[in-house]
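2 protein chains.
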Amino acid sequence: MQSEKWTQLWLDYHKMYDGKDSWIIAVTGFDKENTIIANALKEFTKGIEALTGETVLGTSEVMNALTFTVSQNVTLSKESYRIEGSHDGILLEASDENGVIYGVFAILRQIACGKKALEVEEAKAPSNPLRMMNHWDNMDGSIERGYSGDSFFFEDEEIVINDRTTDYARFMASIGINAVVINNVNVKGAASYLITDRYFDKVKELSDIFEGYGIKLYMSLNFASPIEIGGLDTCDPLDKEVIAWWQGKMKEVYEHLPNFGGFLVKADSEGRPGPFTYGRTQADGANMLGDVIKPYGGIIIWRCFVYNCTQDWRDTKTDRARAGYDYFKDLDGAYHDNVVLQIKNGPMDFQIREPVSPLLGGLQHTNQMLEVQIAQEYTGHQIDLCYLIPLYKEVLDFHTHCCRGKDTVADVVSGRTMGNALGGMAAVINTGDDENWTGNDLAAANTYGFGRLSFDTELTSEEIAREWIALTFNLPEKETTLLCNMLLGSRETYEKYTSPLGIGWMVTPMGHYGPSVDGYEYSRWGTYHRADHLGIGVDRTDKGTGYAQQYYEENAKMYNDPAACPEELILFFHHLPYTYMLKTGKTLIQHIYDSHFEGEKEAEDLSADWDKLKNVIPAQAFDRVRKRFDLQLDNAKEWRDQVNSYFYRKSGIPDEKNRTIY
Amino acid sequence: MQSEKWTQLWLDYHKMYDGKDSWIIAVTGFDKENTIIANALKEFTKGIEALTGETVLGTSEVMNALTFTVSQNVTLSKESYRIEGSHDGILLEASDENGVIYGVFAILRQIACGKKALEVEEAKAPSNPLRMMNHWDNMDGSIERGYSGDSFFFEDEEIVINDRTTDYARFMASIGINAVVINNVNVKGAASYLITDRYFDKVKELSDIFEGYGIKLYMSLNFASPIEIGGLDTCDPLDKEVIAWWQGKMKEVYEHLPNFGGFLVKADSEGRPGPFTYGRTQADGANMLGDVIKPYGGIIIWRCFVYNCTQDWRDTKTDRARAGYDYFKDLDGAYHDNVVLQIKNGPMDFQIREPVSPLLGGLQHTNQMLEVQIAQEYTGHQIDLCYLIPLYKEVLDFHTHCCRGKDTVADVVSGRTMGNALGGMAAVINTGDDENWTGNDLAAANTYGFGRLSFDTELTSEEIAREWIALTFNLPEKETTLLCNMLLGSRETYEKYTSPLGIGWMVTPMGHYGPSVDGYEYSRWGTYHRADHLGIGVDRTDKGTGYAQQYYEENAKMYNDPAACPEELILFFHHLPYTYMLKTGKTLIQHIYDSHFEGEKEAEDLSADWDKLKNVIPAQAFDRVRKRFDLQLDNAKEWRDQVNSYFYRKSGIPDEKNRTIY
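Residue numbers (my numbering), protein chains in the order written: chain A, 144 to 805; chain B, 144 to 805.
To be clear, the hints were calculated from the coordinates, so they are not data collected in a lab.
Just so it is clear, CB atoms sit at the ideal spot from N, CA and C, and this is done for glycine as well.
One should not assume that every hint holds.
[What the hints assert, rightly or not] If you want the footprint, here are the derived chain A segments under chain B, 3+ residues with CB under 8 angstroms:
1. 653-662
2. 727-734
3. 778-790
Just need the whole structure built from these sequences, with the hints factored in.
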C-alpha cells in the first residue's frame, strides 16, 4: 500500500524489536468479510509485521502461534474498544466495527510507543460522537487557506480517486476521525453540482472507501441550490416549492449515497446566501434542511460564523465578537434534533489567542460542535512552527459555568452536559497533495493531534506530541524530549512575536501571513485594535460593547475587570494605557517590546534546536523543515520590528533596555 | 464612421452654425492618394459638414464654392502647419502629410470652439518630436492599471482590428500623437511573440491603419527574448550570439513592418530582466539594441524606472528617490543617437505630488523623454475626478537650471536645450474598451489634454480644458466655466484629501485606490512616510539621504532648506514635527486636519456642481459620471477619516476646530 509518491506520515512504522512469534487471527461476533473488519485486520498485519518483524499467518489455527482475538462485546459503548495483551496474544473487544479499527490502531500505537505486543492494554470510549475533518477544497483543485499543495480530492472539476484516497482514510481512522466533509464551505461553481448525477458515481466510490475505514462522507451545501441548480427563483427555506425541491433532492442523494452523512452549511456568512435574505431565522434554514434529510438518517451541521462583514471602522458600538451569540442565542432550543451548530473556538476567527466563544455552553438546548482550524491560516501558514494542541486543550478545558460540574467545553460538545446525542469536534484540516501531506512535516503533529484529542479529550498536549514523535520519527529519548519541547512551546513563541495580549489581527490582509499592524484597522471586517498614542485595546466590558456580558456570570465578572481578566486576553477585553502595569510588574508597552524580542529569540532557538536533530530525522524531511525555519525566522524578525516600531512610533515611550527599534 | 458601440469622444461634432456655402478641395504638392492626405480630407469633409452644415463637393472645380486648399510648403518645419481663412476659403500649408492632418484637425477645432470657418487662423510647429502613448495592454485582453474596460488591441492572445482601431487612430491624430506603443512594458507570455511570424501579419495591418493617421507603431520589448524565444541561454547584451540574434530579429521585424517605429524597454525593473543581470550597464543594453535597429531607422526608448524594489524598510540610508539619477547620471553621454531615455515626471511613481525628477536636465548629453501617466493609477482610478494637465504643466514649466535660459523640462525634452533630434513626451494612456473609452467621461479630458500639450507645451491648462469641453459637450458659457473650474481644481482637491505635502503613497497596496496610511510603510518598495508620535516626513537633505543634492545648485539649495522648500513638497524633503509652523500660520498637524476636511468638502462641491449640469450633458454620460462622483465622495470621506484618525491617534494633538476625528 506504501507509495513512493507520498509519505506514510505516522503510519510509516519503525521496527521496535525483533519478535520471535507468529500470529493467527480469530474473529468472533464480527463478519470477517465486513470491509472495516477486513481493513482492520490488514492494518494489524501490516503494523505488527513492520513493528516487530513477527508474521501474521491468517485465520487458520497454527500450533504455538499467538492469537489476535477480535471479539464483539455488545455491552461496550459505541465505537469503543478494549485491548489487552496476555501470554498467548491480544484480545480486542468492541461493540462495533469502528471500535475494532480504533482498537487495532491503539495496539499498533502502543507498540510504536515502546510497549511489547503482549503488554498492550487500554479501554477507551470516544469522547465525542462526531470527530470530523472539514476540507476547504475547491473542485478546481485549489484549497482555500491551503498551505501544502493542491487538493487530492479534486482536480479540474473532477473527483480524483487513487491510492492516496485510501491512505488518507487510513490516517483518519488511525486517529479516530469518523466524519469528513470533502468540499469547501464556500460552495461555488462545480461544487454546487456534487449533489447531482454529474458526480454521484464518483462520490459513491469515495464514500465507499471512507466507509471501509469507519468514516462517513459529508459535503458542504450551497444554500442557494434551489436557484442555482433547481431553476427556482428563491431559496426561501419556508417556501413550499423550495422544501419540495429539497425533499426530492435528498431522496435522490440517498438513493445514490446510502451511507451519506449529511451536510455542512455556511449560510448568511461573508457573502454566502442564507435564510436572512428572506427574513427567515437561522433556525428556519437549518431545520428545513434537517427535516428533509431526517428520513435518511442524515444530519445538518450549521455554521455559526455569521457576522456583519461590512462594518464601518468608525463605529465603536458594533462588535463582531458579539455576533455569534447575538444571532444564535435567542433561538436556543429551536433547532431540531438532527441539526448541530458548529461553533468556532473563539468569537472572531482562529486568531492565535481568543477567549472561548460564549455560544459554547451559552446554548443550553442545542446540539453543538466545536470548530477549530488545523490549517495554519493565521498561525504561520505551515511555515512557522505552531503546535496547536495546547490551544485546543485550553478551549476544551474552559469552564463555561453553564451548570455545576460538567461545564467545560469538552463536556458541552461531547453531549455529557445536556445529554445530546449529537455533538463533537470539527477541524479545518491542513492537508494537500504535497509529498508529505502537510507542507511542514511538523504540521502533521496538528493533524494527528486533533484526531487523537477529539477521540480522547483527556489526553495532554505532551502525551499527544510524544505519541506523534514516536510514531513518526521514533527518536531516542533525548531527541524526543527536545522535539517535544519545541512543539509544546511553539504556539506561545508565535504568539509572542505576533499580536500581543489577545488583540489579534495585526496581519497582512487577505493573505494572513506576516505583519501589518494597521492592515485591518480601518477595514470593514470588524477587526480593530484601536491603538492611539496613549493606549490600545477594545473595551468589551459593560461600559464598552458589552461582549463580556455574553458569558455566564463568573466569567463575565472575570473578563469585565482588568485586574481579574487573564492577562493574555487583556487587550481583547480592555482598552488600556501603554503605562498600565501588568502583574509581571512590567508596563503594557514594555511587555509588548519584551515579548517581541523574546518571541524572535525563541524562533532562533527553535531553528537552532532543529539543527540538533539533523542526524536523527530523515534527510528530506529535515531539509523541508529546515527551509521553513529559515522563513519563520525572517517572519519573526519582521513581526518583531514592525510591531515594536509601530508602538514606539505611536507611544513615544522608549524600550527600557534600549534595544534597536526602528 | 460613427459607431453605435462606442462614443466619438471629442470628434462627435456639434452643429455650430448653419452655413450656406459649398466647398471644394484643392491639393497642391501632396499626393491625394497618400493615405494620410486622403484621411485628412475625409476628416475635413466629415467635420465641416457636421459643424457647419455646409457640403464638401470634392476636388472638381465648382462655381461659387469655397476652396479648401492644401498646399505643400517645404520651408515649414516637420509636422507643422499653417491655416488661414479668407473670403474664398481656407488655406492649409504644411511641409509633410502629418502637418496636413494636424492642420485639418486644427481647423475643425477652431470652428468647434466658436470661429467661423473662414476666420480660422493658426501656425503651429509641434513642441516635441515624439508625442507618444504607452498602452499597458496585455495580450490576454487585460490592461495593467486599466480602469475603463479591457484592451481594444488584444483579446485571448490575438490582435483585434475593427472600426474601433480606426477611431482610435483618428482620435490620436486629432490631438497630435505620432507614436503609439501597443503593448504593456511588462512583456510576458504571448507578448514576447509579437516580434515573430505568429503576429507579424496582424501587427502590419495595425501599423498600416496607424500610418494612415501619421502614427508610428512601437512595441514593448522583452529584453530576455534571446532566451525566451531565441533558445539562447543568455541575453547578455555584449554576448556575440545575443547580438547576432538581435540583428537577425531586427531584419525580420523590418521585413514585415517597414514603417515600424522601434521599441520601448523596461529592463532591470521590478523583476524584469536586464543588463544588470550580466554585470552590464544600462547603456550597454540600450546601445546594443540601438545599434541593431539603427540600419532600419528604428529607435530604442529605454525606461529609467530602475530601483531596488526589495528594500528593507528599516534602512533609512537607501532612498528610492535617488535611484534613477544614481543609475543613469554617470552614463550621461554614453547613449547612442537613436536611444532615448524615458524618464517619469517624478523620482517615485506617479504620485499626486512629487518633485520633478532630477534626471530631467540632469542628463546633459542624452536624448530624453518625459513620461507621465494619464491612467489614474494613484490619482483615483478614473472614478475620482482628477484633471492632470496642471500637474503636467508644472513639470514642463519647472526650471531645472541645467543652463541659462531654455532650462525648463519643456525645453529639455523638446530638444531645444541641447539640440537633440530625439525627445518628447510619453503618457501611459487611460483608454479601454468601455463605451466611452475612458470609464469616466471626464477622464477623456486628460487623454485629449496630454496630446494637445505634447504638441504645444505653451497651451495653458485652462485653454485645453475649454477646448475639450467645447468639442465634447459644446456647453453654454456659464456651464463651460463651471465644468472648466471643476476640472482645474480637481487635482488639488484629490491631493487635499489624500496624502499631505508631497509625502505620497498612503494608498492601499497593490490596488492603489483608497487609503492605507501604513500600507507601504513597512514594505519592500522604498515608499515610507516615517511618521512617529512627534513628526513625519523623509529627510532627503544633505543631512539625510542627500537626494536634494541631485538637483542643480539653485534647486538643491531650495529643497534642502525647509524655509525655502515649496510647502506642497515639504514632507518629501524634510522630516518635521507636527508642531512645525507653515507659512500659512498653521501647524503641520493642523494643516493635515484642515486640508482633509477641505478636500472632502470640495469633493462634495464637485458632486453638487455636476448635478447643475444635468440638463446640458447627454443623459448616459451624465449618469456614468454621476455614479463616479458618488464613489468619489465615499473615497474622499474614507481618506479624510483614516488620515485624520491616523495622525490624531499618533500625535495626540487635537483638531483646533474640534471636528469629528475617530
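Taking the hints in turn, this is what the structure says about them:
1. With a cut-off of 8 angstroms between beta carbons, the region 653-662 of chain A has 5 residues touching chain B; three or more are needed, and the interface restraint holds.
2. For a cut-off of 8 angstroms, the count of residues in the region 727-734 of chain A with a CB near a CB of chain B stands at 0, and the three-residue condition is violated.
3. Counting residues of the region 778-790 of chain A whose CB lies closer than 8 angstroms to any CB of chain B gives 5, which reaches the minimum of 3, so the coverage claim holds.
In this structure, the one hint that does not hold is number 2.
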